[in-house]
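Student: Below, each chain spelled out in residue letters.
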Amino acid sequence: MSLTFDILLLLLLIVTALAVAWTKDLLAAAIIFSSYSLMMCLLWQHRGAPDVAMTEAAVGAGITTVLFLVAIGRTTRREK
Amino acid sequence: MKKALVAALLIIISIPMLIAVAAMPPHGDADSPVHTHVSARYIEHGEEEAGAENLVTGVLLNYRGLDTAGEVIVIFTALMAAFAVLITHPGRGEESGPTTAALDPEPGTEPESDSKAPPPISPVVSFMVRLLTPFTTLFAIYVILNGHVTPGGGFQGGAILGGMFIALTIVLGEDKVRTLLPRRAAPWMQGAAVFAFVAIGVIGAATTGYFLGYPTDASLHLVRELMMVVIEIGIGLGGAAIFATIFLQMEAE
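Going down the list, the sequences are from chains A and B.
Here the numbering used here is used: the first residue of the first sequence is 1, the next is one more, and so on.
Here the numbering used here is used: the first residue of the second sequence is 1, the next is one more, and so on.
It is possible that some hints are incorrect.
Stated by the list, open to error - The following label-pair restraints were derived from C-beta to C-beta distances: (1) B:A84 - A:L8: 40 to 48 Å; (2) B:S122 - A:R47: 30 to 38 Å; (3) A:I72 - B:K3: 38 to 46 Å; (4) B:V74 - A:A19: 25 to 33 Å; (5) A:R47 - B:P187: 36 to 44 Å; (6) B:M128 - A:I72: 21 to 29 Å; (7) B:M1 - A:L3: 37 to 45 Å.
Unchecked claim - Computed footprint of chain A on chain B; a stretch qualifies when at least three of its residues, placed anywhere within it, have a C-beta under 8 Å from a C-beta of chain A: (8) 73-85; (9) 148-154; (10) 237-249.
Worth flagging that the hints you see were computed from the coordinates, not collected in a lab.
Positions of the beta carbon are idealized from the N, C-alpha and C atoms, including for glycine.
All chains should be built: construct the whole structure from the sequences, respecting the hints.
Tutor: In structure tokens form, the structure reads like this:
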């Protein structure tokens, strides 16, 4: 069960990472990247590193996403 | 052609990385290097030596305190680098308003999010942020102050605090939230982590002879905890202020 959960999370990590690279809409890419951080956070927690999981949730899923969104808002939404 | 080159390059780079991952000891292996050197001592004596029930905090602030101090200085330097890149007008703020209005003649192209004409905020978002702010603040304070007992600490709590500040700025506008981070106090708050580290380090040097040295006597357990809490508060406030200012700097014209 535990291994299945890990494998599922790792697969989702790969899928979201590829999706970020492929998405042309930068807003969508930022949101997908936030969900990547969420997967990463669950994985940290599941592997027994709650301190890192908290950092990942607060910084990875929270602050960086906001900063990305601000940057997109001030530049352009579509990748050229 | 270019895509094939990129794919080939990625495959070539990934091969040594995958080999390196395959060469790592299996997860939980008792003979792996991470379990054979210092960590056994950390796990056995960490609580009484470092004075923190949360071993991660004990390692971060006591055994490896100097590394963490360096990290804090790196983050502070990163903020200064971000400032150097982001400051376009030396006299930003009030007087930059009219110039941007003049620079933006056609209104329908891009919804600019400046403080003059904020985009309408959904009442749901506004209500939720206002409702959650006290609880988020309480949680952030809990995470910061309990960093030496439970998972978390100054950096995590500071990130939560900074995120809350950003959410409030989006909902209420910069002017109202500025009172939480006054311009004159901002540099001191951004440097809070560095100041706290240096202060505790110097106190440690004065009392034990080592920079960032903690009193080792068992009866001084509370003193060690207090020193850690001071550093955690410094990291928390400093981190929150740094995140908040980077956001404000990006939002400012």
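Student: For each hint, tell me whether it holds in the structure or not.
Tutor: Going through the hints against the structure:
One distance hint, 40 to 48 Å for the beta-carbon pair B:A84 and A:L8, holds here, with the actual separation near 43 Å. Checked against the hint of 30 to 38 Å, the pair B:S122 and A:R47 passes, with Cβ atoms roughly 37 Å apart. Distance hint check for A:I72 and B:K3: the Cβ-Cβ separation is about 25 Å, which falls outside the suggested range of 38 to 46 Å. Checked against the given bound of 25 to 33 Å, the beta carbons of B:V74 and A:A19, roughly 31 Å apart, stay inside it.
Taking 36 to 44 Å as the suggested C-beta distance range, the pair A:R47 and B:P187 conforms, at roughly 39 Å. For the pair B:M128 and A:I72, the supplied restraint of 21 to 29 Å holds, since their beta-carbon distance comes to about 23 Å. The given range of 37 to 45 Å is respected by B:M1 and A:L3, whose C-beta atoms sit roughly 42 Å from each other. Chain A is given as covering the region 73-85 of chain B, and this is violated because 0 residues of the stretch bring a CB closer than 8 Å to a CB of that chain, at least three being needed.
For the region 148-154 of chain B, the stated coverage by chain A holds: 3 residues have a C-beta nearer than 8 Å to a C-beta of that chain, and at least 3 were required. For a cut-off of 8 Å, the count of residues in the region 237-249 of chain B with a CB near a CB of chain A stands at 3, and the three-residue condition holds.
When held up to the earlier numbered hints, the structure conflicts with 3 and 8 and fits the remainder.
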